[in-house]
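**Student:** Listed below are the residues making up each chain.
There are 6 protein chains.
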Amino acid sequence: MRRAIYPGSFDPVTHGHLDVIERAGKLFDEVIVAVAHNDQKQSFFTLEERLALLRNSLDGRNRVQVEPLDGLLVDFAVQRKATAVVRGLRAISDFEFEFQMALMNRKLEASVETIFLMPKEEYTYLSSRIVKEIARLGGNISNFVPSHVVDAFARKQKQ
Amino acid sequence: MRRAIYPGSFDPVTHGHLDVIERAGKLFDEVIVAVAHNDQKQSFFTLEERLALLRNSLDGRNRVQVEPLDGLLVDFAVQRKATAVVRGLRAISDFEFEFQMALMNRKLEASVETIFLMPKEEYTYLSSRIVKEIARLGGNISNFVPSHVVDAFARKQKQ
Amino acid sequence: MRRAIYPGSFDPVTHGHLDVIERAGKLFDEVIVAVAHNDQKQSFFTLEERLALLRNSLDGRNRVQVEPLDGLLVDFAVQRKATAVVRGLRAISDFEFEFQMALMNRKLEASVETIFLMPKEEYTYLSSRIVKEIARLGGNISNFVPSHVVDAFARKQKQ
Amino acid sequence: MRRAIYPGSFDPVTHGHLDVIERAGKLFDEVIVAVAHNDQKQSFFTLEERLALLRNSLDGRNRVQVEPLDGLLVDFAVQRKATAVVRGLRAISDFEFEFQMALMNRKLEASVETIFLMPKEEYTYLSSRIVKEIARLGGNISNFVPSHVVDAFARKQKQ
Amino acid sequence: MRRAIYPGSFDPVTHGHLDVIERAGKLFDEVIVAVAHNDQKQSFFTLEERLALLRNSLDGRNRVQVEPLDGLLVDFAVQRKATAVVRGLRAISDFEFEFQMALMNRKLEASVETIFLMPKEEYTYLSSRIVKEIARLGGNISNFVPSHVVDAFARKQKQ
Amino acid sequence: MRRAIYPGSFDPVTHGHLDVIERAGKLFDEVIVAVAHNDQKQSFFTLEERLALLRNSLDGRNRVQVEPLDGLLVDFAVQRKATAVVRGLRAISDFEFEFQMALMNRKLEASVETIFLMPKEEYTYLSSRIVKEIARLGGNISNFVPSHVVDAFARKQKQ
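Chains A, B, C, D, E and F, in that order, give the protein sequences. Residue numbers for the first sequence follow the numbering used here, beginning at 522 and rising by one. Residue numbers for the second sequence follow the numbering used here, beginning at 522 and rising by one. Residue numbers for the third sequence follow the numbering used here, beginning at 522 and rising by one. Residue numbers for the fourth sequence follow the numbering used here, beginning at 522 and rising by one. Residue numbers for the fifth sequence follow the numbering used here, beginning at 522 and rising by one. Residue numbers for the sixth sequence follow the numbering used here, beginning at 522 and rising by one.
Bear in mind the hints are in silico, worked out from the structure with no lab data behind them. Model, not experiment: these values are computed from the prediction. Be a bit skeptical, because a hint or two may be false.
Because identical chains share one entry, a pair is satisfied inside a single copy or across any pair of copies.
Once the Cα atoms are required to be at most 30 Å apart in a straight line, the calculated DSBU-like pairs of lysine-lysine come out as [as the list claims (entries may be wrong)]: (1) LYS628 x LYS547; (2) LYS562 x LYS653; (3) LYS547 x LYS677; (4) LYS602 x LYS628; (5) LYS562 x LYS679; (6) LYS562 x LYS602; (7) LYS562 x LYS628.
Taking the hints into account, I'd like the entire structure generated from these sequences.
**Tutor:** Next comes the structure, spelled out in C-alpha cells:
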C-alpha cells in the first residue's frame, strides 16, 4: 500500500488544496492531510477549526485522513509509513521555497520522496493568505473556498 | 473618458512611483492614486502623512487625484468608473505577486483590467522598504525620494 | 485619439493573442496588430498567410488593423502616431525577454510606452510554438486557435 | 497497478535521468521510459543508440521499460494505461517549460496526471546538452553519465 | 592589499556561510565578516552570541576578522578600506534581493563593488532560517552547522 | 598575483562587457578576456574580427589581455594560472544558465572559482544578440557599443 502525506497550514482550506488532494488520491492508496500546528505564526483559524473545516470539506471521501502535525514532517511520514510527501506547485516563489523544504527533508530522511503536483490552472494563483485578505476587506470569497468555509469566515468576523 | 487607478501603500512615495504616475498620465485621461489604509500592517508614515507627501509631490499636475483606499480595490475602481488598474512592474518577485493580485481582482470584477508599466530602469530596484531601511541606518536617501520626503523622514526620526 | 501597436509573429494567431487584442481594444481607440516579417527565422505560415489568418479572426471588429511590420518596431510606432506598444505577459521567461525588448525600445525611442496586459489565465501557458508542435504530432488544437486556423493547419500539412 | 511514463530525448541518458527513474520506481509499479523521436531537432545519438544506451543503463531493473515515443505523449500514456507522466524538475527555466507542457497535456487529456520529482541536488544543474558540450571540447564527462555512455561518445567522435 | 566584507545576520552561522568565507579567502587578502546588529528584527541568538559562534567557527584562520556592523554597510566598507562586498548567491529569490541591495549600495557608494560567489551545491538551499525551524521542531541539525552551534542551540532551548 | 578570466563570445563586444572588464580590473591584478571560438554556432563577426574589436576597445589598458579560447574554459584557466572566472550577471535567465556553467566548471576543476559581477544597471538588459537584431533592422546602436563597433557593423552590412 502506498501512502502519501499532504502537509500545510490550511488556514483555511481552499479549492486549490482540495484539487491537489483529489489528484493525490488517484496516485496513492491513502492520503493523510497533515495540518501544521505552528505556535509561532499566528493563524486566523485555530488548529481545531482548521481540522474541522478540512474534515467537513473531505466528508465522504475514503482513503483521506486529516491529522494534526506537531513535530518534523519527515518524522511524521516515517511513523505513518508514508512513501511520499505531496505538494502543490504554483508560482515561482513557491517553487524556490518548496525545493528548499524538499531538499532539507531529503537530507533529514532520504526514504521520504517529495512529489509535486500541479493544481488546476484556475487555482494557480490562489492562496489562503489572499483569501483572508479579500475576506477582511469584505470581498466575496465563494469562488475560492467551499461554502462552509465562507460561513466560518462570517462567524469568525462577527466575534 | 478613460480613468485609471494606481494603488499602493506609498510609505513613502518614491521617484519610482512618480515615474509610473507620469507614464500612466500619458495613457489615461485621469489617474487616481489610491493609498491603501491597511490597519493590519504597521506603516512608517500615517495614512494622512502618506496622502500629504503624495499630494505635495504631485502638486500642479492636472488630472491626478490622491485618495485613501479602504475596502477592496475592485469595488473602488467600479465606483470611480475606472477602466484600469495600473501597476509598476520591477523584478521577478514583484511579477509573481502582481500576477496573483491581478488575477484575483479579475475574478472579483472582470470589467477592471490591470495593466503593467515599466518604471525607468534606474528605479527598477527601488522600493519604499529599502528607502526606509537606508534612512533608519542614517544613509542619504535624496536620490530615491523627493526632497520634501527627505525632510519628512528627518522630522519623523526626531520624534 | 490613442492608438496602440500589438506586435508579434502570430505564427499562427492563438486564442491568447485574440484575448490580448480584445483587452487592448477597451483601453485604446485603435489597435494595430503588427505582424513581424522576419526573413531570418523560418515561419510555418508565410507572412501573407499569417496576415490573412489574423484578419479572418478579427473580421467585423472596428478599430483593429492588421499590418505587416518590416523595420524597427519603434519607428513603426512613431510613424503610425501610436502612444503605446501592447504585450501580453505570460510566464517568467516571457517576462525577462519582454523587459529587455521594452527597455531597448525605450532607449531607441522614449516617446513610445510599452504596456503589459495579462491574458486570461487559461491562455497563460499557450504559445504558437506549442500549438505547432501539437499539430505536427497529430494532436487536436481546436481549444487553442480559431477553427479557420485549424483548417489552415490541415491544408498546410497536406502539402 | 499504477504505471508511469518518463518521457524525454535522452540524448544521452545522464546520471540525473537515472536518479529520476529510480525515484519513480519507488512510487509506481511500472515505469516506461519513452524516448522521443523528434525528426525536426537533430540529435547527437540516433534514436536506436539512445534506446540502447538507456537499456544498457537500466539492465537488470525489473518494472522499467524503454520504448520509442512517436506521436503525442498523452496518446501514448492513454494507450499504455499510464496514470502519470513523471518529470524531473531542476531549475527555473525548466519549471516554466515543464508547467507549460503539463498544462497543455492536461488540456489534451485530463486523465493523465503530471508529477514532478526532484533529482539529487548534485544533478540539479546537469543536462544532456551540457554533457555534449563538455565532450565536444574534450572534457571529462565520467561524473555525469554511466561509463558505457562515455565509451559511446568516444566511438561517435572517432567517426 | 585587497580586503572584502562579508555581511549578514549569521543567526546562526551555517556550513554555507563558512563555505563562502573560505572561497572569499582565496580571492582576497583579508575578509571581514560583518555581523548586522538589527534592533528591529528579533534574532534567535544575541549579537554577542552570533559573534562568538562565528569566531569559534573561524578559529585559527588568519586573515579573517569578525566584527559587528551597526550602520550602513557601504560606510563600514569605506571606513575599513574594503574593495568589495561578498555575497553568497543561492536561489532565485536571493538573486532578486541581492541585486536590489547591491544596486542600492552602488548608488550610495560607487567605489565598493559587490561580488557574488556560489556556495557548494549541497549548501544551495541551506539557510539560517530553516536551520532554526528544524531545531525548533527537534530535528537533527548537525549536517548544517558546526557542532559547537548544535550545542549552542541545545543550551538556548534549555533556557 | 591574482589573475581572472572573463570568457564569452563577444559577438560583438558591448558597453556591458566593457563595464564588467573595468570592474574585474579593480579586483584582480590581471584580466584575460577569452573569446570563445565556437565552430558550431555561427557568429556574425569572425573570431579574428571579435578579437580585433575587443583589442581596439581595450587599447591602452594595462593588465587586460584578449585571447582566443578553444578548448574547455577550466583547462584554459588552469594553464593560465587564473584564480577566478568572472561573469556578468544580468537577468534571471542568465542566472540559471550561469549557475549551471559555474557548477559544471567547479565539478571539472575545483580550484577555479567563478565570481559574478553586476554590470551598471543601464546595461542590465543589453546583449550582443539584441544589438545585432537592432542593427539588422537599421536601428541606431551607438548607445550600446563603442563607435568602432558601429563602423564594423556598417562595413559588414555593406558586404
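**Student:** Does the structure break any of the earlier hints, and which numbers would those be?
**Tutor:** 3
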